[in-house]
Amino acid sequence: MNGTEEMPKRLYEACLSGSVETLKALIEKDPLILDRASSTECFSSDTPLHVAALRGHLEFTKALLSQKPTLAAELDSRRCTPLHLASTEGHFKIVHELLQVNPDVCIARDQDGRTPLHLAVMKGRVEVILELLGAKPCSVHDKLGRGETVLHLSVKYNRLEALKTLVKHLHSKQSSDMESLLNSRDGDDNNILHFAAALKQVDTIEYLLGIKSVKDHANDKNQNGSTALDVVEHCPNRDLKTMEIREFLLQAGVQRSNCDEPKPDPELPPNNPPRTQHCCGKTGVIFMGCIYWFWTRFKVDRDWLKEVRGHLITAAALTGTMAYQSILSPPGGLWQDNPESKNAASLAQSPSPNLPDHPLFGDHRAGQAILDTMRYGYGNYETYLSLNTIVLGTSLSTIMLAMTGFPMENKFLTWLLVFTVYITISCMGVAYVIALHLVSPEKNPSDLLIGLVLAWMGVCAFVMTLHSCHFLVWLGNKLVKLVQRCYKCCKPTRRATPNSKENQAGSHKCVGSFC
Numbered sequence: 001m002n003g004t005e006e007m008p009k010r011l012y013e014a015c016l017s018g019s020v021e022t023l024k025a026l027i028e029k030d031p032l033i034l035d036r037a038s039s040t041e042c043f044s045s046d047t048p049l050h051v052a053a054l055r056g057h058l059e060f061t062k063a064l065l066s067q068k069p070t071l072a073a074e075l076d077s078r079r080c081t082p083l084h085l086a087s088t089e090g091h092f093k094i095v096h097e098l099l100q101v102n103p104d105v106c107i108a109r110d111q112d113g114r115t116p117l118h119l120a121v122m123k124g125r126v127e128v129i130l131e132l133l134g135a136k137p138c139s140v141h142d143k144l145g146r147g148e149t150v151l152h153l154s155v156k157y158n159r160l161e162a163l164k165t166l167v168k169h170l171h172s173k174q175s176s177d178m179e180s181l182l183n184s185r186d187g188d189d190n191n192i193l194h195f196a197a198a199l200k201q202v203d204t205i206e207y208l209l210g211i212k213s214v215k216d217h218a219n220d221k222n223q224n225g226s227t228a229l230d231v232v233e234h235c236p237n238r239d240l241k242t243m244e245i246r247e248f249l250l251q252a253g254v255q256r257s258n259c260d261e262p263k264p265d266p267e268l269p270p271n272n273p274p275r276t277q278h279c280c281g282k283t284g285v286i287f288m289g290c291i292y293w294f295w296t297r298f299k300v301d302r303d304w305l306k307e308v309r310g311h312l313i314t315a316a317a318l319t320g321t322m323a324y325q326s327i328l329s330p331p332g333g334l335w336q337d338n339p340e341s342k343n344a345a346s347l348a349q350s351p352s353p354n355l356p357d358h359p360l361f362g363d364h365r366a367g368q369a370i371l372d373t374m375r376y377g378y379g380n381y382e383t384y385l386s387l388n389t390i391v392l393g394t395s396l397s398t399i400m401l402a403m404t405g406f407p408m409e410n411k412f413l414t415w416l417l418v419f420t421v422y423i424t425i426s427c428m429g430v431a432y433v434i435a436l437h438l439v440s441p442e443k444n445p446s447d448l449l450i451g452l453v454l455a456w457m458g459v460c461a462f463v464m465t466l467h468s469c470h471f472l473v474w475l476g477n478k479l480v481k482l483v484q485r486c487y488k489c490c491k492p493t494r495r496a497t498p499n500s501k502e503n504q505a506g507s508h509k510c511v512g513s514f515c
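Here UniProt numbering is used: the first residue of the sequence shown is 1, the next is one more, and so on.
What the hints contain is simulated information worked out from the structure, not anything from laboratory work. Don't be surprised by glycine CBs; every beta carbon is placed ideally from N, CA and C. Be a bit skeptical, because a hint or two may be false.
27 Å max Cα-Cα, derived DSS-like pairs, lysine-lysine [to be verified]: (1) 136 <-> 156; (2) 200 <-> 123; (3) 143 <-> 93; (4) 156 <-> 200; (5) 164 <-> 200; (6) 156 <-> 221; (7) 9 <-> 62; (8) 164 <-> 123; (9) 221 <-> 200; (10) 241 <-> 164; (11) 215 <-> 156; (12) 156 <-> 123; (13) 93 <-> 24; (14) 156 <-> 241; (15) 93 <-> 173.
Computed spacing ranges between beta-carbons, pair by pair [stated by the list, open to error]: (16) 396 <-> 251: 41 to 51 Å; (17) 143 <-> 168: 16 to 26 Å; (18) 462 <-> 242: 23 to 33 Å; (19) 168 <-> 482: 37 to 47 Å.
Construct the complete structure from the given sequences, taking the supplied hints into account.
Structure below.
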């Protein structure tokens, strides 16, 4: 009796490990073990083939199918066949073996109404998709309960390669209803272009607009009367993706719906809008187009820190050393004596050491900077010291930020690191110009030197302004989202009465539709 109870457990362990030898030995001892397996506690409602397909054991799957081919059509508690599990996990060789035994399981649906092709598309399993389409080409037309096709799912789950595979299959078959499938609608009359616009998938939209049948129907409206362009412009969160998608749609000839166009004034003649509004609108479009072109051409690479992190630490250490050394060896040098020393060497090394009433220098001591004791022009030297102190502080801050190991995805710390680097470089440049003026105050700089300094300062200001604009846009989006969340949390909930407008309008509102 104990041996009989132990056999299902050994079979389950063999399914997990994929041991074909153990399977053959168990079948030799009990030829009916596969028939009784699904009713045991080890397998619950699964069959040995479900476990093998889920784990990806190809040879074990072949052995099971050779012993009992009907296992390919068995269902588990979620009404999934082994083909559903293998398709989800991407085991395309097992999918091939299952389809060889029973191709009809390709159109079997689980408890959520999904076929193996639906699951493969949702996971982006391109090899599995090809196997399933080869066995049952008609499965590409199967829809879910809300009318979503496999094309909708590929866009919904951002599986661009799966979408390309499906479109390529439709083109190769020269299907007569290919155009209708590419422009099919879900329960809210959204086509795949509506989906891609709502989910802000730039690459998907660019690919779809390259398909003639999709581009010809790009102005189709959903249940709310919105085109794909309306969906993009009505999105609450405006970012660079929104601007880029809007540009793609406008270039493809996608228009806004009529409900979004301004209603004409009844006092004005028809088809004769005010000239000033037309001119202002055209100027605004040109201005926004220029801003968009400039913004997209100077995007900030978010992966730069991963590549230059080590070099950044080295550069920050060098700039910190320069700032530290510039204090120890300031322009003009240091006093080498005290005022009371009267030897000849001190007289030769320091100007007027024993003249406390010297018109240019004040009291001093050994080791003190000569420029620090000047009666006139001390402000420039004080500015020089301040700039070098800033350089030292920002260099140490850069080293600290780069070595603490903060995640690269932390955008705030990344922007902070960018600003510390630019502050370091800018202060070093200005400090050099001041030092040049301190060591040669009587010599006027040439026009070439002034031009080079101004050009350098212009480049620094341009790059700093560009990064500041990107940072302010990012910070503004974050603050808007934060305010919206706080407003939603603090907004009191109102109960709708049976005769209230909210309750009456709620019956006409379609849940799950896009804007």
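Numbers of unmet hints, in rising order
Failing hints: none at all.
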